[in-house]
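*Asks:* The chain contents come next:
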Amino acid sequence: MQIGRRQFFKLCTVGAASASAATLGFAPGVALASQSRQYKLLRARETRNNCTYCSVGCGVLLYSLGDGAKNAKGKIFHVEGDPDHPVSRGSLCPKGSGLVDFINSPDRLKYPEVREPGSNEWKRIGWDEAIERIARLMKDDRDANFIERNDKGQLVNRWASTGFLGSSAASNETGILDVKFARGLGMVHLENQARLCHGPSVAGLAPSFGRGAMTNNWVDIKNADVILVMGGNPAEAHPVGFKWAVEAKIHNNAHLMVVDPRFNRTAAVADFYSPIRAGADSAFLLGVAHYLLSNDRIQHEYVRAYTNAPLIVREDYGFDDGLFSGYDADKRAYDRASWTYELGEDGYALRDETLQHPRCVFNLLKKHVERYTPEMVSSICGTPIKDFLHVCEKLASTSVPDRTTSILYALGWTHHVGGSQIIRASAIVQLLLGNIGMPGGGINALRGHSNVQGFTDLGVLANMLPGYLTLPSESQQSLQAYLDERTPKTLVDKQINFWRNTPKFMVSFLKGMYGENATAENDFGYDWLPKWDRAYDVMAYVEQMHKGQVNGYVVQGFNLIAAAASSGKVREGLAKLKYLVVIDPLTTETSSFWQNHGEFNDVDPAQIQTTVFRLPSSCFAEEDGSIANSARWLQWHAAAQPPPFEAQHDGRILGSLMTRIRELYQQEGGTCPEPLLKLDWHYHDPKSPHSEELAKQINGYALADLYDDSGKPIAKKGELLSSFAHLRDDGSTSSLCWIYTGQWTPAGNMMARRDNTDTGFGNTPGWAFAWPANRRLLYNRASADPSGKPWDPKRAFLHWDGNAWAGADVPDYPVGSPPNSGVSPFIMLQDGVGHLFSMGALVDGPFPEHYEPEESPIPANPLHSGSGKSPVTRIFKDDLPSFGGREDFPYVATSYSITEMFRHWTKHSRLNAIVQPEQFVEISEKLAASKGIAAGDTVKVSSQRGYIRGKAVVTKRVMTLQVAGQEVEQVGIPVHWGFEGVTRKGFLANILSPRVGDANTQTPEYKAFLVNVEKA
Amino acid sequence: MSMQSQDIIKRSATSALTPPPHARDQQAEVAKLIDVSICIGCKACQVACSEWNDLRDEVGENFGVYDNPRDLSAETWTLMRFAEYENSESGKLEWLIRKDGCMHCADPGCLKACPSPGAIVQYANGIVDFQSEHCIGCGYCVAGCPFNVPRLSGKDNKAYKCTLCVDRVSVGQEPSCVKTCPTGAINFGSKADMQFLAGQRVAELNGRGFANAGLYDPQGVGGTHVMYVLHHADKPELYHNLPKDPRISTAIQGWKGWLKPIAAAAFFATIAGTLFHYVGVGAQTLDPEQEDEEEQA
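Residue numbers (the UniProt record's numbering), protein chains in the order written: chain W, 1 to 1016; chain V, 1 to 297.
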């Protein structure tokens, strides 16, 4: 077709006119019906669960495809918060908001696999083959290395050459199975992440108040007048729990203070921020105690009535130049005999109510802290004096009865060589202020993993048994000997001393372990339990592994190489194992430690002879069970989809393994099969114990008809128990974890309760179940004075109604014990009162003391003439060369989590990888300038133990400090990356951290060690 | 689900002569209130937004700051922007963290600029929504936005931004970011309620020493359905360059505003003139020779 110029113009004109008409809105309305996106949840199946990451325990709603019909296979496609949950109220943090990408991560394991010795690849195998091979390896090792009697001929029944790591993100039902599995086989190395996390919380809080747990609860934080966040960063690590700190600000006009090595996201919304040198927290808190005592800003009546201030200490107790009495330099240990009260003829502690006696705890404390002047604190901590005094003044403002401080802390206190004592120091401050047992008060240990509280409660720790009973040592050769040593004597008249019931708890535990095989005649099977000879904590076990003394390791949901200190040494240790069994939902650096990942993991697979099994397990969204949040709430959750592909529930994996090992022993005999075969393993399907069965076993049963003292029936034989008060030491009750008794009663599953009615102060006793006995605020009797009058009329939490204590919470006290009865509120302790002086409960002193970190940026501790370091820390000889000095490594490194990520876990979630894609470190502007480093440059951070590289975040939020007359720079090291995951590849940050830990718990020092920084 | 077509009060490239149905627009205006003073910058909103809207941006890199991804994109509809500010008056460091994203202006510059009919709409409750299937990828909305929010996708060349979770709001739920916010820094409700809440928050901040705390609800765009409580409302630019007085650019105001009726009049005048000329004068005729000459010229 020929188009002439004119026709072209005509066409153009018409086209332009049409376009103009359309642009001006005269277009015909065809196919333009607007619509918003379809609402995607209309008929999706909604399942209630709890977030699997941190210990806030937020409620989540899991939405899965299909409506539950048999022919539809559930598949989770969306997760959001549960608005009914009393703590989270519908919120989720960035980790929780991204859960769907963890559940559906491309890194989920699909099939059992094996990596043969020297091989460079995974090989898919079937479950039968995997179970058969692992059972054989375990039996052969146990047969060869099980120790029935030690050199002294004592019966010890232990197997130390294979260890077991449990996962504090698994349910309690998996946890108790871990205990039965590992202890049943005789294992002494049974640990979980609590060792690397909040070990010092138990060691610091239990000797102070009686229980090693968060004293109050998440929602209660809203009742505080002052909030001190120190050694923690809840806005990042526990964002949804932090909601209640913000609530306190907005609705209670609270003053929120942050003391931290860096200006973090909690500081971003705080009223006050002060910097502190990492590793100097004890000095700061002892300085606060000094301020309170020297300015007489304490709650006198509380201190006199509810602490051990009036009790008199033995004459031979002393402290001089950093050393307490009883030090043995050769053993690097104390004889703690002198760290106790002077007893009267009646066997009770002597006391001076006037607080005048020079050796009463009050005066000893005063003397002990007098060195911690504001000037000294400032010199050690690098905190400006006026900042320190601001914190002191605000805390002191709550020494009056009608104001409270809530202290929030987490790993910033526990991850230090003196971690337990930092927490002790905070306990002293709060007791002096009268803030324990008060709504809006307390020391709130914000635990880490979603069920690290549960795994601690269940004793998934080398030296522990469930319910804070201890694993017997080889010197405790009979049940009686064990009970004699472990059952504490009452030190003050009339006190409850609840641990006097230890025999009931222990015998009920043994009945739970060995069932009908446990009889009074055989000490209820006490002999079958393994007896320890030395430390089997994670660090010690890595040492043994590195020495070639360990053959096998079962690692369940625990990324050991990433989480333990000195990743390089862990890797070398793993390479010396004969077999490693990793049970995990995800691919982890631990399972692929033998793979070469260039600079990130520079190994030669051909040289590594370890057989590695990788068994896919379910995740939280695929199981029924309970987890215990930081506030000790046992919350029951339900599966929303089956485990993917061939993945199996942890219970099925352990059940299949145990069943096969027992079959092998029955078929072919072997070394000391008795403890294993006497173990009670009666389940509907022994290869796959169900969560409900296990939860009920944990709770415990009446094994005979039970009657109370007056002859009234309590429970019929075979019934579930409703209270630990019903436990007996004659074998007529069973309970695998006495503190959990009451979680599943004849009335049903208490953990699944969902009544969120507020009974006052934000307390919701109808939601789930809290141990002990559903108490939500520990030591709550201390909220009222001895005569029963609330210290603060606005905080009348409990009251005496003439016959019993009543109020917003279950009394943490004998309910019928009237006011002025002389029974003190700290019922778990031998003397009934809070401990300013902890006696011999901790190995490094009855009072806290500031010692320099093992790697210190200053040449001497300004307080002491000697090394100024803790005289009792444990350092393995082989590790001595791995410590660096301030000449080569001048900067203080501190490692931590940031809010977008959860440890080494969320790097498998795409949603979280998007918001923090790549490894970085944080340094001050001054340090950056001196090294020519600009924001975004790649830097190399090295310690004596290795190096990492990451992007530099140069920030005003990290400040140069003046410490002991010199400038100290700090380097912030978030830990979240590795060579597996969907983020950019990175280094394991723990390549840098040293192998030295808290003297009481061996929780490693992750937060104060020395490094150098260079532009890479 | 075409019910929303009943609730639309504005559509892009549509004149008042052919308005959308608007008999049922007696709805409360909704608003999201972001209280920067209690925002911890955790990015829960960012993750929840992507999760709900089925977006997955690229796994990028660290640029030496906490802002990740580095910028808004077709797959990142909201973004935390971090600014370190040394307050010379108090001598204190402040870490100002602002959730960036669509402000859902009462007078949306994007909608005004959009040439594709119905590609951008505003519902009676105030939500401004992109109808991607009508988007022609011209990018005028990007230029038209005074807050620099919409982004074109490299995958499909269509523009995207926050929908204020219109799919949730239309069934009675709050937006995903609002629900998830751990500290309660993001609230949602009627615009009147949010303004009232903002007043309470401002009073509280005044009490804590922030004398210039205030509500950010800029009138240059007719007010917004996403508002901020700022501790330094006198200096919004501190918050990663939040504009102090945002307005739709004059070009777009002119082109799509007052120029539009003039253009329409001119358009009709041209058509009418042409018609009158044709009727009155008739078509111009040329003899074939002349035409040939012209063709060869």
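A hint or two may mislead.
[Claimed, not checked] Calculated pairs, EDC-like style, for lysine to aspartate or glutamate (alpha carbon to alpha carbon, straight line, at most 16 Å):
(1) W:40 with V:54
(2) W:956 with V:84
(3) W:956 with W:918
(4) W:985 with V:84
[As the list claims (entries may be wrong)] A short list of chain V residues far from chain W (calculated; beta carbon distances all over 10 Å):
(5) 61
(6) 86
(7) 124
(8) 192
(9) 250
(10) 280
Rather than coming from a laboratory, the hints here were simulated on the basis of the structure.
As the structure is a prediction and not an experimental result, all values here were calculated from the model.
Think of the CB as a built atom: it goes at the ideal place given N, C-alpha and C, for glycine as much as any other residue.
*Asks:* All hints are to be evaluated individually against the structure, with a verdict given for each.
*Replies:* Verification of the hints:
1. A C-alpha spacing of about 11 Å is found between residue 40 (chain W) and residue 54 (chain V), which places the hinted pair at or below 16 Å, so the restraint holds.
2. Among the hinted pairs, residue 956 (chain W) with residue 84 (chain V) is consistent with the structure: their alpha-carbon atoms are about 7 Å apart, no more than 16 Å.
3. Proposed proximity of residue 956 (chain W) and residue 918 (chain W) is contradicted: the alpha carbons are some 21 Å apart, above 16 Å.
4. For the given pair, residue 985 (chain W) sits about 28 Å from residue 84 (chain V) by alpha-carbon distance, which is inconsistent with the 16 Å threshold.
5. With 10 Å as the threshold on Cβ separation, the claim that residue 61 (chain V) sits away from chain W is violated: the shortest Cβ distance comes to roughly 5 Å.
6. With a minimum CB-CB distance of about 7 Å to chain W, residue 86 (chain V) fails to clear the 10 Å threshold, and the non-interface call is violated.
7. Non-interface call for residue 124 (chain V) relative to chain W: holds, since the shortest CB-CB distance, roughly 12 Å, exceeds 10 Å.
8. Against chain W, the non-interface label of residue 192 (chain V) holds: every CB pair exceeds 10 Å, the least being about 21 Å.
9. Every beta carbon of chain W lies more than 10 Å from that of residue 250 (chain V), the smallest distance being close to 19 Å; the non-interface claim holds.
10. Once the 10 Å rule is applied to beta carbons, residue 280 (chain V) is consistent with being away from chain W; the minimum gap is 18 Å.
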